[in-house]
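**Q** These protein sequence lines are chains A and B, in that order.
Residue numbers for the first sequence follow this note's numbering, so the first one is 1 and each next one is one higher.
Residue numbers for the second sequence follow this note's numbering, so the first one is 177 and each next one is one higher.
Read the hints as simulated data drawn from the structure, not as lab findings.
Virtual Cβ for every residue (Gly too), placed ideally from N, Cα, C.
There are no misleading hints in this set.
Covered stretches of chain A (in silico footprint by chain B; criterion: 3 or more residues with CB under 8 Å from a CB of chain B, positions within the stretch not fixed):
(1) 94–103
(2) 118–129
(3) 133–146
(4) 165–171
Estimated spans, in silico, between C-beta atoms of each pair:
(5) B:I273 <-> A:T40: 32 to 42 Å
(6) A:G163 <-> B:P232: 24 to 34 Å
(7) A:G33 <-> B:A260: 52 to 62 Å
(8) A:N82 <-> B:A260: 50 to 60 Å
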Amino acid sequence: MTDVHGAELAVTVIGPDRTGIVADVAEALARLGANLTDSTMTRLRGHFAMTLICTAQASATEVEAALLPLSADGQLLVTVRNVGPDESGHNGGLPYLLSVHGADRLGIVAAVTRVVADAGGNITDLSTRLVGPLYLLVAEVDLPEGVPGKLTERLAHVAGELGIEVNLRPAGADVL
Amino acid sequence: MSIEGWDITALGAGRVLPVVTAPEPVLSRVGEAVDPTDPQVVALAADLVATMAVSPGCVGLAAPQVGVGVQLFAVDVTDHPKAATVHGAFVLANAVIVEASRWRPGREGCMSVPDLTGDVKRAGRIVVTGELPGSGRKVTITTDAFEARALQHEIDHCNGLLFLDKVSGAHAIYQRKVYL
Numbered sequence: 001m002t003d004v005h006g007a008e009l010a011v012t013v014i015g016p017d018r019t020g021i022v023a024d025v026a027e028a029l030a031r032l033g034a035n036l037t038d039s040t041m042t043r044l045r046g047h048f049a050m051t052l053i054c055t056a057q058a059s060a061t062e063v064e065a066a067l068l069p070l071s072a073d074g075q076l077l078v079t080v081r082n083v084g085p086d087e088s089g090h091n092g093g094l095p096y097l098l099s100v101h102g103a104d105r106l107g108i109v110a111a112v113t114r115v116v117a118d119a120g121g122n123i124t125d126l127s128t129r130l131v132g133p134l135y136l137l138v139a140e141v142d143l144p145e146g147v148p149g150k151l152t153e154r155l156a157h158v159a160g161e162l163g164i165e166v167n168l169r170p171a172g173a174d175v176l
Numbered sequence: 177m178s179i180e181g182w183d184i185t186a187l188g189a190g191r192v193l194p195v196v197t198a199p200e201p202v203l204s205r206v207g208e209a210v211d212p213t214d215p216q217v218v219a220l221a222a223d224l225v226a227t228m229a230v231s232p233g234c235v236g237l238a239a240p241q242v243g244v245g246v247q248l249f250a251v252d253v254t255d256h257p258k259a260a261t262v263h264g265a266f267v268l269a270n271a272v273i274v275e276a277s278r279w280r281p282g283r284e285g286c287m288s289v290p291d292l293t294g295d296v297k298r299a300g301r302i303v304v305t306g307e308l309p310g311s312g313r314k315v316t317i318t319t320d321a322f323e324a325r326a327l328q329h330e331i332d333h334c335n336g337l338l339f340l341d342k343v344s345g346a347h348a349i350y351q352r353k354v355y356l
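The whole structure should be built from the sequences, with the hints applied where relevant.
**A** See below:
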């Protein structure tokens, strides 16, 4: 969709970390007149990982071409695609926090998030870490009313099967 | 400020014990209540104090952290810059939080989760009841600020909880960059 601000584009940049990647991406977008809106960047086991949304009069192809120098050495992977405007809004759910930790094993994230999805829970933010033998997942989840009690029971069951700890609690925000 | 009837020297010299780290199962089990007058419990109290004392930056240590799943922990926030009320080095058995207020966020780490820190909301003022190892005397401790945070962290350990179970958001966990 295009409006006065242009189309919304999603850009991902992934690869080995070095200094200046964010500056390179932001400068290339600024030169095109693309307005960087929401973005997130982190390092995942040392790899640079950035996802951002920008609005631009330029097409996805033009933005991709402008970012091409970044991937010229074959190290960074850059993708650009058109995305629709934010239509998710708030689903009316209540915000909860989910912590999961235990000995690393295959399928922890799959098993836990499937239980959350089956209960109608929507994960709005998530991070996982592997440090030594310890695996940790922290997720922010919107849950429909009446669901948390039942979900806690189901999560406890999965936790027992996987030998991990699961903790679901309300994420109350104080409005000041 | 001191706890009436508490004399840490009465515990005797303790041994320095190895500290276990997550995902060690004992860290996730609810600790059993103990008899604070049991000589074995008194010896464990001395061991917790000795282990805490030799661990740089350590302001508290709970029995599950040395592999013993019971309700016993040591705390000492003496000279910590974030402390206000300070009761010195002490050990409590079967401690329970009876009042908690003035909730505020703060960053904390744990010897049993050595590679991570996290933001956790804790009460800035608490009232805790517990029993002193040795005499078995029941005490009520009112404290605040960093000592309150340390007590809540240790009482969580005694109930099988880590700070990981209470972090305030998906991005409230941090890779530790500085080790004390």
